[in-house]
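Undergrad: With the hints as constraints, model all of the structure from the sequences given.
Okay, so the first sequence: first residue is 1394 according to our numbering, each after it adds one.
Simulated from the structure, these hints should not be mistaken for lab results.
By construction, the Cβ of each residue, glycine as well, lies at the ideal position given by its N, Cα and C atoms.
Watch out, some of these pointers could steer you wrong.
Said to hold, decoys possible - In silico DMTMM-like cross-links for lysine to aspartate or glutamate, where the CA-CA straight-line distance does not exceed 20 Å:
no.: 1; residue 1: K1432; residue 2: E1402
no.: 2; residue 1: K1432; residue 2: D1410
no.: 3; residue 1: K1432; residue 2: D1398
Claimed, not checked - Label pairs and their computed distance ranges (CB to CB):
no.: 4; residue 1: E1531; residue 2: D1410; range: 39 to 45 Å
no.: 5; residue 1: E1402; residue 2: R1426; range: 16 to 22 Å
no.: 6; residue 1: F1568; residue 2: G1431; range: 40 to 46 Å
no.: 7; residue 1: W1396; residue 2: H1552; range: 30 to 36 Å
no.: 8; residue 1: E1555; residue 2: S1413; range: 20 to 26 Å
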Amino acid sequence: MSWTDERVELLTKLWGDGLSASQIAGQLGGVTRNAVIGKVHRLKLETRVKTLGGAEIVREETVEIETEVEVAGAQIVQIHAAMRSVPRVAAGMNAATAFKLEEPDLPDLAPEVPVDPRRPSGEVVPIARNLTLVQLTERTCKWPLGDPLSPDFRFCGNHSDESSPYCQYHARIAFQPSSERRRLR
DNA sequence: CCCTGATTCGC
DNA sequence: GCGAATCAGG
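TA: Quick look at the structure:
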């Protein structure tokens, strides 16, 4: 792959949006994060937060917020639909929580996890990272979210246990015991 | 260990 | 110019 005008433009756009080098590399495809970083330097467009001297620069993102929330919300609904075994899971989520998923730069990325009211045991449902196919690695959960034919198709993306394609949560859903012992008696 | 960007330097 | 290897950091 070479740095065509189009790819450079995309790179510039995404970098400006605050995406990380690896994320941009994933979007572009055919390049590594190193390539992205190298190109960014050559283009001399490092507006990245340098915090030289302590002055903290927080970029304002007032555009597209509503859209992002909508998208995230839709995905939550999809998650909801996908997890029949644990309905009402998404009920506890609100747009604000969902929105945090889409903003890696926001300081507060605290993994707020909704608790199913019917499961006082404290079982939690992880919030998906909503990664695209190219962003998956050996240790990201590959639980699909949404319609594979839709451009919004994503994967859970949370950390997967070693030798498992899914995160701890989705592994439990994916690999259910063939027979459950009903009672001991 | 996972991730981030920064830099170097052979190609 | 390019980007893998490496460095430095959270």
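Undergrad: Could you run down the list of hints and mark each one as holding or not?
TA: Status of the hints after comparison with the structure:
The straight-line distance between the Cα atoms of K1432 and E1402 is roughly 12 Å, inside the 20 Å bound, and the hint therefore holds. Proposed proximity of K1432 and D1410 is supported: the alpha carbons are some 16 Å apart, at most 20 Å. Distance hint between K1432 and D1398 is fulfilled; the C-alpha atoms sit about 12 Å from each other, no more than 20 Å. In this structure, E1531 and D1410 break the distance hint of 39 to 45 Å, their C-beta atoms being roughly 27 Å apart.
Between E1402 and R1426 the C-beta distance comes to about 19 Å, which sits within the given range of 16 to 22 Å. For the pair F1568 and G1431, the beta carbons lie near 42 Å from each other, so the given range of 40 to 46 Å is met. Separated by about 32 Å at the C-beta atoms, W1396 and H1552 satisfy the suggested range of 30 to 36 Å. Separation of E1555 from S1413 is about 24 Å and conforms to the stated range, judged on CB atoms against 20 to 26 Å.
The earlier numbered hint that this structure contradicts is number 4, and it is the only one.
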